[in-house]
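Visitor: Chains A and B supply the protein sequences, listed in that same order.
According to the working numbering, the first sequence is numbered sequentially starting from 1.
According to the working numbering, the second sequence is numbered sequentially starting from 435.
Treat each hint with caution, since some may be false.
Residues from chain B shown here face chain A by an in silico Cβ test under 7 Å; the list is partial [stated by the list, open to error]:
1. A490
2. V549
3. D550
4. F605
5. A608
6. P773
7. W836
8. Q839
9. D844
10. C888
11. A899
12. R921
13. W932
14. L941
15. G951
16. E953
Residues from chain B that face chain A, not an exhaustive set, calculated with beta carbons under 10 Å [to be verified]:
17. I566
18. L570
19. V714
20. I718
21. V807
22. R810
23. C811
24. F892
25. R896
26. L897
27. Q908
28. G909
29. D933
30. E940
Keep in mind the hints are simulated off the structure, nothing from the lab.
Note that the Cβ used here is the ideal one computed from N, Cα and C, for glycine as well.
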Amino acid sequence: MNVSGKQPSCDLSCDLMIIGTGMAGMAAAFFAVRQGIDTIQVGLTGEIGFASGLIDLLGVHPVVQGTPVDDPWEGIVRLCRDEPHHPYARLDIETIRTAFQTLLDFFETSGYPHAVPQRGNQRIVTPVGTLKTTYAVPHTMQAGAWALDRQAPCLLVDFDGLKGYSAHQIAAGLADRWPVLKPVRLVFPGGRGELYVEHMARALDAPAVRQQLADAIRPHLGGVAAVGLPAVLGMYRTREVQADLQSGLGLPVFEIPTMVPGVAGLRLRELFEQRLPPMGVRPLFQHRVLAVRRSKDGGMAFTIAPEDAPRRVKARAAVLCTGRFFGKGLQADRGGIRETLFGLPVAQPKDRASWHHKDLLDLQGHPINRAGVGVDADFRPVDAKGRPVHDNLFAAGSILAHQDWIRQKCGSGLAIATAYGAVRAAARFLQKLY
Amino acid sequence: MQTQVLIIGAGVTGTGLARDLALRGLSVVVVEKRDINAGASGGNHGLLHSGARYIASDPAAAAECHIENQRLKQLAPHCIENTGGLFVAVAGDDERYIADFPQMCRRCHIPVRQVDPKEAREMEPTLSDTLIAAYLVDDATVDPFKLSLDNMADARRHGAVLRRHCRVTGFQMAQSRIRRTTIIDEVTGRSETIDADVVVNAAGAWAGVVAGLAGATIEMRYSKGSLLVTQSRLCERVVNRLRMPTDGDILVPGGTVSILGTTSVRVDSPDVIYPEVHEVDTIIDQGAAMIPQLAVTRYIRAYCGVRPLLGADDPQTSEDDDDRAVSRGFALIDHARQPGAPSNLITISGGKLTTYRLMAEKTADLVCSRLGVTARCRTDVTALPDTVDARWTEPGLAPNVWLRQKAPDDMLLCECEMVSQSVVDEIVAGLQALDGRPDLKAIGLRSRIGKGPCQGTFCSQRLAAYLYDRGHLQGADGLVQLRLFLRERWRGQQPLLWDMNLAQAELLEAMHCGLFGLELEKSP
């Protein structure tokens, strides 16, 4: 397909095309190059910036009761038994563990380690003063879970000019669950007027700024065992920022997530964007797939934006990680939901009236959240009869049907595990070709 | 508490009546179970009818509408945009109705001018090219929130008292009179009593429920109407379909947006109502016949209200399944004439937003005759003051003021509608002067916060955090209010979730449920 009338230029080709740059796309690209697969990744990199940075595996099951899951591994086994169509159920638990551990090792060697609890899920504080059940957290947030667990008295710091984040609100909201929180508002070093978390994090990458921050916090430390800050402790040098603040204050320091898009998601974006290309991923970031067609040999030919100078990329196989409605992998009109790139069949409720509950917060979760692309055991999208649509097309992440990552609190786990599964199947397919 | 007149309900009728009585020098208390305009007064088109819509179904109400239309344009111009209105017919519409239209208007003393369909399309380029007839009338738009807030503010300036979130739970009788009214404060849970000489039931769709508590009966029907708000304004004028009223017939400008409606669906109770998906589809499909762009435009929000219709026992209309033939005239019921009903209870119900002032006048006349007060009505000659209470409901005002002042510390809490901290401070101060209880929904009612494309995704928590910082929220109140605020916004989003709105809603749910886990908190 020729979109703008101009001939696509600069033909590229690869074995595996990863479409999407959210957590699933990034993880898939990582798993693919790690296996030595010749990989191109395409997509607009904005989406992963909306990630919370918390690696949820499974936080709630069953959703209808809102039951928190203590041990996510044991919880996933129960989930797969109760919901055999859930994407997790396409993998065995050891494979999910391997996928998860492999990615966490990558984060660690990339300088952004995550803390995994000894047993079960952990709970961390949110900016509205609730507690969130999650699994692995960035090292910058680890001491928060520790302090909450011990009910340690903490100083909660916020800043003049940072909207939507109030230490008073957090302390007030948690008064019956963590009553020893002391809120304080400070002026961010050099900060006048409105503050943005990304700018603050980049500012703290400079040693002099964190020195000033420590000096501002120090007078308020009386009687506390740790210090909680909004998630701004550096963009690239989080370990140094945290270590400096901790030694400057003589206390553990931890981050509390902010509203999205938050710094923790931006750090993941930066990490993947910087680390994947040297590993061998050929990125076409800030590009969008405009169209795709099958070539005679069974491969796929993608036309890639920009529209005024489109490029063509040929691939032997592809992993579709385009996300849901926010990521534009799915699109809905009044009549129904469609998959935007391949026109794949979408499992969905029978009509629009049954997409959502009348109450946003209905515990059952909205039926539309479980709509998406159905896949077989090899993560190949299937038609209504369960047959794969293409033998060389795989899908991963939130576009998959029969899951509700928002309510089940399994977004990152789902992205990582299914990306692993899809890439593994794609590798098997490619091996057969050679 | 003691007062001459207790008014139940702070919709446009209750607040208008409070002003009328206060201007006549009477002592007045208004109790409202939720907040100003919580019912039909906050769930309508905001259309100041010329009356032309009712010429066939109710000529008397049509004529009444027109007189009040002219009067309000004189007396409350700051609440009104004098847009003018068009009645248009498209191919296939009833030609007889079209031909009779000007004569029927003139019979009700409603000015009307025929315009060529081509000329009409020059005036309103979004109109369908299948137009076969067009007439100009003097419809206009009115901000119903500003109207009620200004009425109440002026009433308060003349001594009236408003109690929000106070629900009437019962009446104590003596000698077949209401001696004492019991209310419960829904926020604090405390009960109180009010002794009033006359009690006026202006509870709108809940008038039957209130009358029932006093042992009086009113036959009522509830007709739900749903409306849609477009992201941008599509027409300069009010556009009506030139036919017997049915679904999706009217497009009304509302500042920077347009409002399309409505439906008429009989419901059993006015309490829990939602705009439904099938209503949305009907409204869009019908509206698109007049203005094709309505089929593809983005809608920001849906809402609905319940029309309180009296006269369910009228055999002529009881078989009418969509209730559109039920009179839009109002009913002033003097319960003293009903056997077994309290002699000092008056109900005012039905009617139109456009005729609210007249309804208040007639009610106040009856109240005064009961109390032996001779002061005459002044709302027909005294302009409605433009007060600060209602200032920030105006679309576009908050951004203008913010851009002009450029105060570096005055940050925007709502970026879609550009509502800044100083605007919130002013509204909070007003609420504190009223009853000391600022809350997220009340601030939303008195400003444009949460009304833009994000529908509260970001501004809800920014507002909550800000209120904590200013000491206006304590304990877990903010969490409860956040949930209530988001639920209220959702009511209007839920039937419109496709395309961009669905993507926006996914982000909202991802943040508020995925990250904050609000759905797992105990219900308020």
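Visitor: Now tell me, hint by hint, if it's right for this structure.
Guide: Each hint, compared with the structure:
A cut of 7 Å between beta carbons decides the hint on B/A490: the least distance to chain A is about 32 Å, and the hint is violated. The interface hint given for B/V549 is broken, as the beta carbon of that residue sits about 33 Å from the closest beta carbon of chain A, more than 7 Å. Because the beta carbon of B/D550 sits about 34 Å from the nearest beta carbon in chain A, more than 7 Å, this interface hint is broken. Interface hint at B/F605: violated, since its Cβ lies 34 Å from the closest Cβ of chain A, which is beyond the 7 Å cut-off.
The interface hint given for B/A608 is broken, as the beta carbon of that residue sits about 44 Å from the closest beta carbon of chain A, more than 7 Å. A least Cβ separation of about 42 Å between B/P773 and chain A goes past the 7 Å threshold, and the interface hint is therefore violated. Contact between B/W836 and chain A, as hinted, is not supported at the beta carbon level, the nearest pair being about 13 Å apart and thus beyond 7 Å. For B/Q839, the interface hint is violated, the least distance from its beta-carbon to any beta-carbon of chain A being 14 Å, above 7 Å.
With a least beta-carbon distance of about 10 Å to chain A, the hint placing B/D844 at the interface is violated under the 7 Å criterion. With a least beta-carbon distance of about 12 Å to chain A, the hint placing B/C888 at the interface is violated under the 7 Å criterion. A cut of 7 Å between beta carbons decides the hint on B/A899: the least distance to chain A is about 4 Å, and the hint holds. A hinted interface residue such as B/R921 counts as satisfied when its beta carbon comes closer than 7 Å to some beta carbon of chain A; here the least separation is about 6 Å, so the hint holds.
Taking 7 Å as the C-beta contact cut-off toward chain A, the hint placing B/W932 at the interface holds, the least distance being around 4 Å. Because the beta carbon of B/L941 sits about 5 Å from the nearest beta carbon in chain A, less than 7 Å, this interface hint is met. The interface hint given for B/G951 is met, as the beta carbon of that residue sits about 5 Å from the closest beta carbon of chain A, less than 7 Å. A hinted interface residue such as B/E953 counts as satisfied when its beta carbon comes closer than 7 Å to some beta carbon of chain A; here the least separation is about 4 Å, so the hint holds.
Residue-level restraint check for B/I566 is violated (minimum Cβ-Cβ distance to chain A is 28 Å; threshold 10 Å). Given the 10 Å rule on beta carbons, the hint for B/L570 is violated: about 33 Å separates it from the nearest Cβ of chain A. Residue-level restraint check for B/V714 holds (minimum Cβ-Cβ distance to chain A is 8 Å; threshold 10 Å). Contact between B/I718 and chain A, as hinted, is supported at the beta carbon level, the nearest pair being about 8 Å apart and thus within 10 Å.
Checking B/V807 against chain A by beta carbon gives a least distance of about 47 Å; that is not within 10 Å, so the hint is violated. Look at B/R810: its Cβ only gets to about 48 Å from chain A, farther than 10 Å, so that hint breaks. Evaluation of the B/C811 hint against chain A yields a violated restraint, the C-beta minimum of about 43 Å exceeding 10 Å. Hint on B/F892 holds. Least Cβ distance to chain A is approximately 7 Å, under the 10 Å limit.
Because the closest C-beta pair between B/R896 and chain A is about 4 Å apart, less than 10 Å, the hint holds. A least Cβ separation of about 9 Å between B/L897 and chain A falls short of the 10 Å threshold, and the interface hint therefore holds. Checking B/Q908 against chain A: minimum C-beta separation of about 6 Å stays under 10 Å; hint holds. With a cut of 10 Å, the hint placing B/G909 at the interface with chain A holds, because the nearest CB-to-CB distance is about 5 Å.
Hint status for B/D933 relative to chain A: holds, with the closest Cβ pair at about 6 Å, below 10 Å. Below 10 Å, beta-carbon pairs count as interface contacts, and B/E940 has one with chain A at about 5 Å; its hint therefore holds.
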